[in-house]
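Got chain A; can you put chain B on it based on the hints?
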Amino acid sequence: DAKTTQPTSMDCAEGRAANLPCNHSTISGNEYVYWYRQIHSQGPQYIIHGLKNNETNEMASLIITEDRKSSTLILPHATLRDTAVYYCIVNRGGYQKVTFGTGTKLQVIP
Amino acid sequence: DGGITQSPKYLFRKEGQNVTLSCEQNLNHDAMYWYRQDPGQGLRLIYYSQIVNDFQKGDIAEGYSVSREKKESFPLTVTSAQKNPTAFYLCASTTGQAGNTEAFFGQGTRLTVV
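Protein sequences appear in the order of chains A and B.
So the first sequence is numbered by the numbering used here: it starts at 1 and just counts up by one.
So the second sequence is numbered by the numbering used here: it starts at 1 and just counts up by one.
You may find that some hints are simply not true.
Claimed, not checked - With a cut-off of at most 16 Å between alpha-carbon atoms, the simulated EDC-like pairs for lysine to aspartate or glutamate come out as follows:
{"#": "1", "chain 1": "A", "residue 1": "K97", "chain 2": "B", "residue 2": "D54"}
{"#": "2", "chain 1": "A", "residue 1": "K97", "chain 2": "B", "residue 2": "E102"}
{"#": "3", "chain 1": "B", "residue 1": "K70", "chain 2": "B", "residue 2": "E102"}
{"#": "4", "chain 1": "A", "residue 1": "K3", "chain 2": "B", "residue 2": "D59"}
{"#": "5", "chain 1": "A", "residue 1": "K97", "chain 2": "B", "residue 2": "D38"}
Rather than coming from a laboratory, the hints here were simulated on the basis of the structure.
The structure displayed is predicted, hence computed values, not measured ones.
One chain only, chain A, in its complex shape:
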């Protein structure tokens, strides 16, 4: 698996956009970028994933740079319920094992 690097923690004001960066400079051509979040003492929840193009769903947007070496998860209007640890992982799918790093702890501030 390609390694990912994320900031340890970030703060965001409630109602503002939260932009969470992830570096994955060793990503290979067939690896996807996935984002999950984990609210305290719960199982992680899938948010979004992408290969090359930017992606958007009801939860978030994913912006992947053209060289695919980094990406940004955007929560357009952060709420207090978005306070969680966010994990960025890269994975080529199939039966490749899924590994997680330590993630970014996002604190949404009222």
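What follows is chain B alone, placed relative to chain A:
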């Protein structure tokens, strides 16, 4: 509803006893995973299974054992050889299809060994 179920949610055991954590999924997923999480830390992979009757060690398999006799079930045994078993244990599953490995997680089992 389809999903992945872990039981029990909380588990207490005496030191030196083996304990088995249950993980069941009705998503028809081929691949299943066990992770360990310590306070303030990320997830570390213990074991994973890509298909029935087959499994591989993850990054921290020592002191743990698994079986995969049925597609739906992937129990984890924490043996007395695991030196620090108190932790939060998470089970996950994926389809195993390329490009579509969104992982579904259970709600976890918090194991405390006293």
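We went through each hint and held it up to the structure:
Simply put, A/K97 and B/D54 have alpha-carbon atoms about 13 Å apart, close enough for the 16 Å limit, and the pair holds. Taken as a hint, the A/K97 and B/E102 pair is honoured in the structure, with Cα atoms around 12 Å apart against an allowance of 16 Å. The hinted pair formed by B/K70 and B/E102 fails the criterion: a straight-line CA distance of about 21 Å is larger than 16 Å. Annotation: proposed proximity of A/K3 to B/D59 holds, straight-line Cα distance about 15 Å (limit 16 Å).
Restraint check for A/K97 and B/D38: not satisfied, since their Cα atoms lie roughly 20 Å apart, outside the 16 Å limit.
Hint compliance for this structure: hints 3 and 5 are broken, all remaining hints hold.
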